[in-house]
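Here the protein sequences come in this chain order: Y and D.
Each residue of the first sequence is one higher than the one before, starting from 1 at the first, in the numbering used here.
Each residue of the second sequence is one higher than the one before, starting from 1 at the first, in the numbering used here.
It is worth saying that the hints were derived from the structure and are not from the lab.
Heads up, some of the hints might be wrong.
Pairs involving identical chains hold if they fit within one copy or between any two copies, as the list cannot separate such chains.
Taking lysine to any residue and the SDA-like style, the derived pairs with C-alpha atoms no more than 25 Å apart in a straight line are [said to hold, decoys possible]: (1) LYS274 with ARG288; (2) LYS77 with GLU58; (3) LYS77 with ALA194; (4) LYS274 with GLY261; (5) LYS77 with ALA57; (6) LYS77 with ARG234; (7) LYS274 with VAL82; (8) LYS274 with ALA206; (9) LYS274 with ALA262; (10) LYS274 with VAL263; (11) LYS77 with GLY223; (12) LYS77 with ALA262; (13) LYS274 with GLU58; (14) LYS274 with ASP334; (15) LYS274 with GLN257; (16) LYS274 with ASP292; (17) LYS77 with THR195; (18) LYS77 with GLY228; (19) LYS77 with GLY60; (20) LYS274 with ARG264; (21) LYS77 with ARG196; (22) LYS274 with GLY286; (23) LYS77 with LEU31; (24) LYS274 with GLN98; (25) LYS77 with PHE287; (26) LYS274 with SER256; (27) LYS77 with SER232; (28) LYS77 with THR88.
Residue-level listing of the chains:
2 protein chains.
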Amino acid sequence: MTPGASSSRSPAPPEDRDAPVIAVDCNGADLGPGEVAAGAAIAAGRGARVLLFGPAAELGEPSPGVEIVDAPVSIAKAEDPVAAVRSTPQASIVRAAQAVAEGRAQALVCAGGTGAALAAGTFNIKRARGIYRPALAIPLPVPHHPVTLLDVGANAETRREHMVQFAFMGAALARTVLGVQRPRVGLLSNGEEATRGSALVLETYAELHERAGAGIDAFEFIGNVEGGDVVSGRADVIVTDGFTGNVALKLMEGVSQTMLGAVREAAMSSRRAKLGGALLRGALRGFRDEIDPEASGGAYLLGLRRLGVVPHGRFTRAGFAQAILRAERGAREDIVAQTHDALEQAGALRRSPVSAPDASLRQTG
Amino acid sequence: MTPGASSSRSPAPPEDRDAPVIAVDCNGADLGPGEVAAGAAIAAGRGARVLLFGPAAELGEPSPGVEIVDAPVSIAKAEDPVAAVRSTPQASIVRAAQAVAEGRAQALVCAGGTGAALAAGTFNIKRARGIYRPALAIPLPVPHHPVTLLDVGANAETRREHMVQFAFMGAALARTVLGVQRPRVGLLSNGEEATRGSALVLETYAELHERAGAGIDAFEFIGNVEGGDVVSGRADVIVTDGFTGNVALKLMEGVSQTMLGAVREAAMSSRRAKLGGALLRGALRGFRDEIDPEASGGAYLLGLRRLGVVPHGRFTRAGFAQAILRAERGAREDIVAQTHDALEQAGALRRSPVSAPDASLRQTG
Chain Y
1 MTPGASSSRS
11 PAPPEDRDAP
21 VIAVDCNGAD
31 LGPGEVAAGA
41 AIAAGRGARV
51 LLFGPAAELG
61 EPSPGVEIVD
71 APVSIAKAED
81 PVAAVRSTPQ
91 ASIVRAAQAV
101 AEGRAQALVC
111 AGGTGAALAA
121 GTFNIKRARG
131 IYRPALAIPL
141 PVPHHPVTLL
151 DVGANAETRR
161 EHMVQFAFMG
171 AALARTVLGV
181 QRPRVGLLSN
191 GEEATRGSAL
201 VLETYAELHE
211 RAGAGIDAFE
221 FIGNVEGGDV
231 VSGRADVIVT
241 DGFTGNVALK
251 LMEGVSQTML
261 GAVREAAMSS
271 RRAKLGGALL
281 RGALRGFRDE
291 IDPEASGGAY
301 LLGLRRLGVV
311 PHGRFTRAGF
321 AQAILRAERG
331 AREDIVAQTH
341 DALEQAGALR
351 RSPVSAPDAS
361 LRQTG
Chain D
1 MTPGASSSRS
11 PAPPEDRDAP
21 VIAVDCNGAD
31 LGPGEVAAGA
41 AIAAGRGARV
51 LLFGPAAELG
61 EPSPGVEIVD
71 APVSIAKAED
81 PVAAVRSTPQ
91 ASIVRAAQAV
101 AEGRAQALVC
111 AGGTGAALAA
121 GTFNIKRARG
131 IYRPALAIPL
141 PVPHHPVTLL
151 DVGANAETRR
161 EHMVQFAFMG
171 AALARTVLGV
181 QRPRVGLLSN
191 GEEATRGSAL
201 VLETYAELHE
211 RAGAGIDAFE
221 FIGNVEGGDV
231 VSGRADVIVT
241 DGFTGNVALK
251 LMEGVSQTML
261 GAVREAAMSS
271 RRAKLGGALL
281 RGALRGFRDE
291 IDPEASGGAY
301 LLGLRRLGVV
311 PHGRFTRAGF
321 AQAILRAERG
331 AREDIVAQTH
341 DALEQAGALR
351 RSPVSAPDAS
361 LRQTG
């Protein structure tokens, strides 16, 4: 493929003609856009149909099932993603989001960071009908007990009705994309008792508890959970505000890295320790696989009219492939419709007129 | 010592006649009250003077420098510590707190949990003059980078003026008890930029930033820090609200235990791995020592008229000894007066009439 080439569609295998198309922004990956394209090729090999946005010159020849759109402009490193999205319509993430908004693709995958994905998604794909706020959800690779935490940073200020919707959104993700039949949803608090929590948590608890009493089909509400329950396996989904969720996520990453670094350091400290580390390496591999963040595809952007997936910029092709396959699964299972139906059944949709689907052109949520 | 014996004072060595007396509640320790008494003996051997409250029959013979007060009633496991403190004046923690309130001791150490210590301390020792709210501070044993986090759970709802005082209280702890000359104080947020944070964080940032511009002697304000900075070494003290702090503390404990457990599990999974684990064990010992929570004595109850220290119930005698020695250091260096002076100099004392020094009956100065 030569620079400037804009499209070179290879038809998907006949059996996948109805498969959702996934719009993928290649810019922003640490290993370069080519690594994302390589991930797309892997996903396409498993039947995915991909629309790839990025610098065509760096993306190589398209595989069957992959279409390349030359979109070399990147805003992945922009300090202010909202401003960058507004001012750069030719940016790859904006074009990818537009493809989803216009129905040329059914889900968005963005290697360029959550800020850009959130801004481009909100402006172009827009909030789903009846949703107050989009949220970022992270499936955490906890050994033996994977758990999805949301919101991890889309909203610094959160209200009760947002939190209640996050519970439904997180449950729909766990069910449709992660394969948990009836997710157990907990509310992150500073104690398990119903009386513990910030004002926001107390209000949210009261509403979810009342709804659970009346019957919630979409998930099982297990009440308050504590910080330690992020790794205890008590919950499949943990709901919190974007401030606490962001602090918790970064703390968890920091503690994990510090502990692994300390073990690694110890295993380099003497010949004896080096030998011990070498003998232990094989046994630790299973653990490393289990805590591999690439396995779940990245962060999920929920609450828009289509699903967004944001693999981490440091992922390899395997992680990008996984992100694309998860996005496809979410689109196939129609996570947006499932979320909407569950919220409608529970009477938890936003009712104000401004939430009508065509009410806003450039709303910021 | 026989049951019912009430006191058997052994005089402190002459050179320690002016040393502060530390009131210690022995009830609530996992290893039993005798383990706390053993810790007191170790501390007394290093010059501490201790007033020990607990079941005399289980505390053994008092060492020199240790006086035993028979107080067998324990409320350490009470579900509602506030109610238990009110209804049980004979409880060991209440009697220990009263000894501090009446000036028979100059600091409180409580093996029976933070809830009981907070309730008994607040009711008996009372808030220090000009302080809005007591706070719980935890020195976290991060390898190479110890950091003190507060509030970790004394207050689920926190206001700006509380947070500002927490910064001064945490800095005074780091200086007087932990030996950090000019602590770097950070504000926990969902991003480093001054524009990031909940409404509470934005308000607190603005006030601390303004104060820092005018000059703060007590500490260096380094602005917002993220969850990962709890382990990065950027700050000596990290200020947050009691809700976020509690979630962060429990999450950190959970992640650490999960990681250590996974490494241990891997090291038991085969003969080869067992041999590797055995060879690595010595090298990991230094790391284990560094992350030993007993080394810093436990949690600190700040904002009362005297210092409180709450060692974890699972501590051994070494940890209880450390708690007593840290409490003595805090009393000697007069952390309460240092906090007050710094807040007064900064004009950050509470001015409302209810904070006047004669508002309560059991004040100790």
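### Task
Go through the numbered hints given earlier and state which of them the structure violates, listing their numbers in rising order.
Hints 7, 8, 12, 13, 14, 24, 25 are the ones this structure does not satisfy, whereas the remaining hints hold.
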